[in-house]
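Student: Just so we're aligned, residue 1 is where the sequence shown starts under our numbering, counting upward by one.
Think of the hints as simulated: they come from the structure by calculation, not from any bench.
All values derive from a computational prediction rather than experimental measurement.
One or more of the hints may lead you astray.
To be verified - Computed cross-link-like contacts, BS3-like style, restricted to lysine-lysine with a CA-CA straight-line distance of at most 30 Å:
#, residue 1, residue 2
1, 89, 71
2, 97, 140
3, 78, 97
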Amino acid sequence: MKILYMGTPDFAVAPMRALREAGHELVGVVTQPDRPKGRGMKMLAPPVKEAALAWGIPVSQPETLRGYAIKPLLEERKPELIVVAAYGKLLPPYVLKAAPYGCINVHASLLPKYRGAAPIQHAILAGERETGVTIMYMAKELDAGDIILTESTPIGEQETAGELTERLSGIGAALLLRAVAQLRDGTAVRTPQQHELSTYAHMITREDARLDWTRPAREVADRIRAMLPAPGAFALCGDQTYKFADAVVTEGSGTPGTVLDVREGRMIVACGAGAVAVGQIQAPGSRRMPVPDYARGHELPEKFDCEGAQHG
Numbered sequence: 001m002k003i004l005y006m007g008t009p010d011f012a013v014a015p016m017r018a019l020r021e022a023g024h025e026l027v028g029v030v031t032q033p034d035r036p037k038g039r040g041m042k043m044l045a046p047p048v049k050e051a052a053l054a055w056g057i058p059v060s061q062p063e064t065l066r067g068y069a070i071k072p073l074l075e076e077r078k079p080e081l082i083v084v085a086a087y088g089k090l091l092p093p094y095v096l097k098a099a100p101y102g103c104i105n106v107h108a109s110l111l112p113k114y115r116g117a118a119p120i121q122h123a124i125l126a127g128e129r130e131t132g133v134t135i136m137y138m139a140k141e142l143d144a145g146d147i148i149l150t151e152s153t154p155i156g157e158q159e160t161a162g163e164l165t166e167r168l169s170g171i172g173a174a175l176l177l178r179a180v181a182q183l184r185d186g187t188a189v190r191t192p193q194q195h196e197l198s199t200y201a202h203m204i205t206r207e208d209a210r211l212d213w214t215r216p217a218r219e220v221a222d223r224i225r226a227m228l229p230a231p232g233a234f235a236l237c238g239d240q241t242y243k244f245a246d247a248v249v250t251e252g253s254g255t256p257g258t259v260l261d262v263r264e265g266r267m268i269v270a271c272g273a274g275a276v277a278v279g280q281i282q283a284p285g286s287r288r289m290p291v292p293d294y295a296r297g298h299e300l301p302e303k304f305d306c307e308g309a310q311h312g
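Make a model of the complete structure from these sequences and hints.
Tutor: What follows is the structure, encoded as structure tokens:
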């Protein structure tokens, strides 16, 4: 099939690769504009753009889709199908109606749960033990279209958002090929979503990454996993910001935020119920490192602040 592909982050690369390797003709890629990132605010291309250019696929990076911005592109390339994976913008009606086989989306949750920009992080934050990928027809409403296929997978006890993203990308790639084959053969189903069961996964903000030590240890550990690799879960100690990784639930009690001990290479921090054992810490202006390495050259804080972080 002749396919126009729309996607932006790492998650969207594997499905695009799968289409290409399966012999589909990618007539073009639409992705977000290059953005400044990192301390030096260097302009970086989206991962989908880098992959597409390496494969010789033409790339378009409109700032907006409004005002029929890509209508000339659609009329020139004449895609039979539009495939979207974490593109990052709502599609206007003229895009949704542009291809004979329609517009389908690769979404990293078991819809209708976790519609929105950050389904993987929110699934971990909510303590879910299972998630998956949904291939759906796109609609005007956000992630509300009819479902074609789904596949579920367990979330590992210590799996981070980054690790889960990579796995779901691979699952989504295989599932997408099945859906495209069904569309081509006329066997694809349309299963309406149960909209009353929908939940929304908003874009992750800095406050989402701030730890509330008064919460149970399991919630704190899940938040640390959900914020890796970025933006990184953090807590304050006075005016200093510390980030954390590799956290597991452990026994311990005390005033929330208090560093109770260092044992077996981990810093034990009291929570509202139980404690977390943190294996890696990142101090201001430093790289992330194992707690024993950090403790050899620095004094660990005695207590992290709890004020300001409120998560339901």
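Student: Indicate, hint by hint, whether the structure satisfies it.
Tutor: How the hints compare with the structure:
1. 89 - 71: The given pair, whose Cα atoms are some 16 Å apart, holds under the 30 Å limit.
2. 97 - 140: holds, 11 Å
3. 78 - 97: Holds, at roughly 12 Å.
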